[in-house]
Amino acid sequence: MMEEFENNVLRTEHLPQIHAEEFEKLPLRYRNIRWATCGLVALGVLLIFVALMVAGSILEPEAMDLKLFVFPTTLWVIGFGAWGLSEWFGFDRRGYLTRSRDLSYRAGWLFHSITTVPFNRIQHSEVTQGPIAKRFKICTLKLYTAGSSGANLQIPGLDEEVAKQLRQLIEERNES
Amino acid sequence: MNPESFADPQRQHPMGLAGYFVKNLYGLVKSFWPIAAGLALSSEVFNYASWVGLGLLLLVGVSAFIEYRYFKFHLTKEALVVHSGWIQKERMVIPFERIQAVHLHQSAWHQALGLCGLKVDTAGSGGSELDFAALNKQEALDLRALLTGGAREGVNPEQPLAESVEQEEPEPLMQLDTRKLFKVGLTQNHLRNGLIAVGAFFTVLEPLERWWGTWIESLPEWTLLLFAFAWVLLIIPAIILFVFLAVLVSVVSAFIKYYRFRADIQGADLSIESGLFRRNEFRIPLSKVQLLDWKSTWLRRKLSLETLQIHQARAQASGGSQGLGITIPGLEIEQSNLIIQSVFPKWNPSVVEHFRPDSYFRYRLFLFALLPLLPIGLVLGMGWLFWIFAPFWVAFRWVTTQRKFEGYRVTTDGVGVMIESGWWFKRRTLLQWHQLQRVSFHQNRMIEPRGLAHIVLHSAAGSRSIRFVKETDARRIMDFAAYRIESHVGSWM
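Chains as they are written, first to last, in the working numbering: chain A, 1 to 176; chain B, 1001 to 1493.
Heads up, a few of these hints could be off.
To be verified - Far from chain B by the CB rule (all over 12 angstroms, computed), these chain A residues:
{"no.": "1", "residue": "15"}
{"no.": "2", "residue": "65"}
{"no.": "3", "residue": "68"}
{"no.": "4", "residue": "69"}
{"no.": "5", "residue": "70"}
{"no.": "6", "residue": "76"}
{"no.": "7", "residue": "92"}
{"no.": "8", "residue": "106"}
{"no.": "9", "residue": "118"}
{"no.": "10", "residue": "137"}
{"no.": "11", "residue": "145"}
{"no.": "12", "residue": "169"}
Stated by the list, open to error - Cβ pair distances, simulated, as ranges:
{"no.": "13", "chain 1": "B", "residue 1": "1301", "chain 2": "A", "residue 2": "47", "range": "44 to 52 angstroms"}
{"no.": "14", "chain 1": "B", "residue 1": "1360", "chain 2": "A", "residue 2": "17", "range": "21 to 29 angstroms"}
{"no.": "15", "chain 1": "A", "residue 1": "47", "chain 2": "B", "residue 2": "1057", "range": "55 to 63 angstroms"}
{"no.": "16", "chain 1": "A", "residue 1": "65", "chain 2": "B", "residue 2": "1226", "range": "46 to 54 angstroms"}
It should be emphasised that the hints constitute simulated quantities derived from the structure, not laboratory data. Even glycine gets a Cβ: it sits at the ideal position worked out from N, Cα and C.
Based on the provided sequences and hints, a complete structural model is requested.
Pasting the structure below:
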């Protein structure tokens, strides 16, 4: 007996829409780590600059001029100002979305992107965690697809439990 | 062909030792020849040149022997297994399904001795994963047949390399005769080839400075004085000489690379043979092709020719463009269509939807094209010369960016997607939605308020962008790509 044949019209506007979905946010403690990193790097650069200036004023006091401070200070303010702004406005944009067939990650403020990796294209996955991340119980999920030597999608700042569940989900979906 | 003959670990043909020796010697000379040339001019070293040379040859010989002696391979039911290394032993297992392509190559000495080199490409390698220096020709054909699945329709692995194509397919898909080869040579990038030739000339000249320096010093003083005053007159002859040399290099390199070029569709494989001194035979399973890339210059288009690059899955640095791929030069439109029909048979250019970039892209292109005016203005000191030059530059770049903008177009029929770009150097890429690995949507603070976005399609053979399209279209494209990848059942490579 012949199977019932279907050939329904499929319109692209009726496809599941990634942008319409609510992305899950990353834990707030990850934001704290990011702020701490930004602050420490800014402080480190500032200290190096101050140390160089102090050394310069001791060794070559005649060569020291106020103009020498202007350019690096402006650079410091613009650089870390942009970093700070992108952390301030960008963190809320960070998030991941798990659908039944794919995983998406959204990030960025000045330059933002959404990357979707279908489960059936994931070659393998990896969870990494540094010592500081371990202290805060967060980790990075890395997904690898074919055709690249590096991770194709990295989701940093995931809760340990969530990362474990996502990895399990990927394995289940790849097996089915 | 007997698979059992590869069941036990075995070495390559003993001439493989010579292959390794030549390869290592070439590597050594290529890496250290400027130093060697410099040292050879020093009288202390020159006196011992024969001993130094002998020592180096011995070193190369020993390393080649170790490489040959400890390289063994065999086939299991599912994989090619290779053992190599003496102090640091390595065991490499390449499952058959991971093999992208197996290529045969024959240098002059291979041909004289009835041998073949064999290369194995996998998706995990940027270049060749494995290189056999020398195998018996029949052995190489058998091994290739077993590695690529062997008994595919239309492929008879028993036939020898040179004859296999002729007997199966009397009319090849395409071949380059001398006239067409000449056209390919004439339409190459002469500027690049000329600069490479000049670079090579000075690289050779630099370590030999002591010789030509002495020669120049021996010239009478009046010749140097004459040159000092008359060098301006030599500019035009030098340009003519450069153009002549560049074209000559292009034509000669085309002959060396593509001599007796022949492409065939053999059953489920695309087979390509070419080369003057070194005959290469590439065979790529059509199902493993991920991306087709056509490139053409203005001159090449006038001669109705295009160059096609066929890309397979590969490992690559993120965003890189190098990797596994073979090139078919001098392709005519009918031949291109035949390849499309064979590789992507479902592609239907008559039922398509077009996407064009927003006109913002045009002004952005124009703005970037005007940037060189800044350094030029600084060099010319913003004088009258600059103000004469600037309007011409602005008008010229307006026309070229306009054409570039018009040349950018994305077309999809729901199965594949064709991305066209460029004006003088045109490029078009065809890939299939279901073979994509992932898809990403990009925006920045400049284009977001204008309702524009970029989409990047990531395939296993590289990434391609659809730029400056309407945000609504970009979203549709992203959703559609995800749908096509996720609803596809079966193999994608």
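Could you tell me which of the hints above the structure violates, numbers in ascending order?
The structure breaks hints 1, 8, 9, 11, 13; every other hint is satisfied.
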